[in-house]
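Using the hints provided, position chain B relative to the given structure of chain A.
2 protein chains.
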Amino acid sequence: MKVLITGGAGFLGQRLARELLSRDVLHLSEATSSRVSELVLLDVVAATGPHDDRVRIAIGDIADRSVLEKFIDTDTVAIFHLAAVVSGQAEADFDLGMRINLDASRLLLEVCRRLGHSPRVVFTSSVAVYGGSLTDIVLDDTALNPQSSYGAEKAVAEFLLNDYSRRGFIDGRVLRLPTISVRPGKPNAAASSFASGIIREPLTGHRSVCPVSGDTKLWLLSPRKAAECLVAGCEIDGAAFGNRRTVNLPGISVTVSEMIKTLRDVAGDAIANRVEWKLDERIEKIVGSWPAMWDTTRAIELGLTADASFEHILRNFIDDELGGDSPHD
Amino acid sequence: MKVLITGGAGFLGQRLARELLSRDVLHLSEATSSRVSELVLLDVVAATGPHDDRVRIAIGDIADRSVLEKFIDTDTVAIFHLAAVVSGQAEADFDLGMRINLDASRLLLEVCRRLGHSPRVVFTSSVAVYGGSLTDIVLDDTALNPQSSYGAEKAVAEFLLNDYSRRGFIDGRVLRLPTISVRPGKPNAAASSFASGIIREPLTGHRSVCPVSGDTKLWLLSPRKAAECLVAGCEIDGAAFGNRRTVNLPGISVTVSEMIKTLRDVAGDAIANRVEWKLDERIEKIVGSWPAMWDTTRAIELGLTADASFEHILRNFIDDELGGDSPHD
Chain A
17 MKVLITGGAG FLGQRLAREL LSRDVLHLSE ATSSRVSELV LLDVVAATGP
67 HDDRVRIAIG DIADRSVLEK FIDTDTVAIF HLAAVVSGQA EADFDLGMRI
117 NLDASRLLLE VCRRLGHSPR VVFTSSVAVY GGSLTDIVLD DTALNPQSSY
167 GAEKAVAEFL LNDYSRRGFI DGRVLRLPTI SVRPGKPNAA ASSFASGIIR
217 EPLTGHRSVC PVSGDTKLWL LSPRKAAECL VAGCEIDGAA FGNRRTVNLP
267 GISVTVSEMI KTLRDVAGDA IANRVEWKLD ERIEKIVGSW PAMWDTTRAI
317 ELGLTADASF EHILRNFIDD ELGGDSPHD
Chain B
17 MKVLITGGAG FLGQRLAREL LSRDVLHLSE ATSSRVSELV LLDVVAATGP
67 HDDRVRIAIG DIADRSVLEK FIDTDTVAIF HLAAVVSGQA EADFDLGMRI
117 NLDASRLLLE VCRRLGHSPR VVFTSSVAVY GGSLTDIVLD DTALNPQSSY
167 GAEKAVAEFL LNDYSRRGFI DGRVLRLPTI SVRPGKPNAA ASSFASGIIR
217 EPLTGHRSVC PVSGDTKLWL LSPRKAAECL VAGCEIDGAA FGNRRTVNLP
267 GISVTVSEMI KTLRDVAGDA IANRVEWKLD ERIEKIVGSW PAMWDTTRAI
317 ELGLTADASF EHILRNFIDD ELGGDSPHD
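Chains A and B supply the protein sequences, listed in that same order. Just so you know, our numbering puts the end of the first sequence at 345, numbered straight through with nothing missing. Just so you know, our numbering puts the end of the second sequence at 345, numbered straight through with nothing missing.
The following block holds chain A by itself, in its conformation from the complex (with noise of 0.2 Å):
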């Protein structure tokens, strides 16, 4: 069977399909154990690896339907729907971000339609569907209100795949990211960015400024575990979801000064000490709009499980991305 990655080129896409290869087959129902025979990573750019035979490697705009019906057909079994334009770049540029966070999501499920076979679609979405006055936890009846572009794409899409699964056009499922920490390559633009940068830019040389305060709390995901719960996501059966498709992951809660106090545990005062404090307030806005928390109940009900801490993070990270060097000052 064959499988599809949106944003196969990026870093939580490059995870999943090095997830998807090393178990080599989807278990999609009691009986059933697929194998992975083809894994197209379509993105923008093309994707760097993983070298693999069973991976084809494309590059193409998923708002134009001859991309999409290029690379879906009835042998797509699963479609991991990942590509977005992200938050700041949609705020920046409202055509562009409804053009591939909304057309192109929508075009996604109605080539899928109009194939017929019913493939299961797992979409990413986001905590930025939350805003405005939130309760400490936000439950999985927590109502959306994004405050932003992204945000409302986002929500957009995921009752557009609700809907075509409940009349059974596809068999979807839509996991909302916590934010993922600690990724891999440079920092960015993107508000979130030294969740993962005042971890990863010490521990690989280099200076990492902290824009919020210490107390600030943040909603953790590690890659490892993402990529985890995405392949996890997309081997429940469609009918455990009941009338909802869409499931709050599972996270920790941790502040930024417990990040910093483990990775001084883990990497000595030489690392550590490369965390600059400098406040930004527009950061600490957007961070601080974001709920610190939400109820598991239902994602663990599902099978889907956080990192046990951060410390385990940070081990992960260590492992998977600086070749499991603990480095020390």
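It is possible that part of the hints are untrue.
Said to hold, decoys possible - Chain A regions said to be covered by chain B (calculated; three or more residues, Cβ under 8 Å): (1) 154-167; (2) 170-183; (3) 256-268.
Derived by calculation from the structure, the hints in this document are not laboratory data. Cβ atoms here follow ideal geometry from the backbone N, Cα and C, with glycine treated the same way.
The following block gives chain B in isolation, referenced to the frame of chain A:
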């Protein structure tokens, strides 16, 4: 100034048109009372009235951009977007529902955005955005969980209107309507058609089938109050909505048995006995998924009010639609 009503030939559009014409002005700010110099009633069929020099009757497909561009210009200060494919039809014809309830709504927002004058846009939405396991009283922050394509399309349109408003492209507001009763006209394909039919049909000499059990609770608003709320909703200062442009309109909670008892009290046994009970599981299921009551604190703070009682609703229907005659057997 110009005012546009989409769905202007429908019963609510017609009722709203009469309300606007009799008021003659819209109070769009404390300082400004703008005269309604032109009222465009746009629909797929020609509106039959009201006969008034200010009225311009227009026929066109609102999913056609050129139609919207013809009837919206920078003098169009207020738009009431009532046109929709009803729930039963949107469920039966998925593409049609998406085209009118989603694409045309978005197109309307886009046409306004391109003009750049940020007009007031009043969308009507529906109880159908709710569904699944609901608490007895739906709160303003109860999560949406539509269980029909109509509900999903309305939810999507709500999020789009909110984001277009947040960005200043329009000055929008969404009013979620309770079930409107007593509607004039003929029974239609809406699952809620009986909520008017069981009163209107007996009063106009016809038998009527009630497809749900007597203890079914409905959340009702009269056409008269609905038109008043639409005008009031348009006149509210945008800032009063805070970070959420969507408001649940106040209604009254009554059971179907109470409705028929009121009919019996007001119009007599012979008329009330024209209601025939014949359960329809499909309709019971849809209606049973709707909330029977919602918290109206926010609506009332914004100055939007409900009918006093179902007896008031019934007597208003007799006054407004039957010329004041309360027909006895």
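### Task
Could you work out which earlier hints the structure fails to respect and list their numbers in ascending sequence?
none
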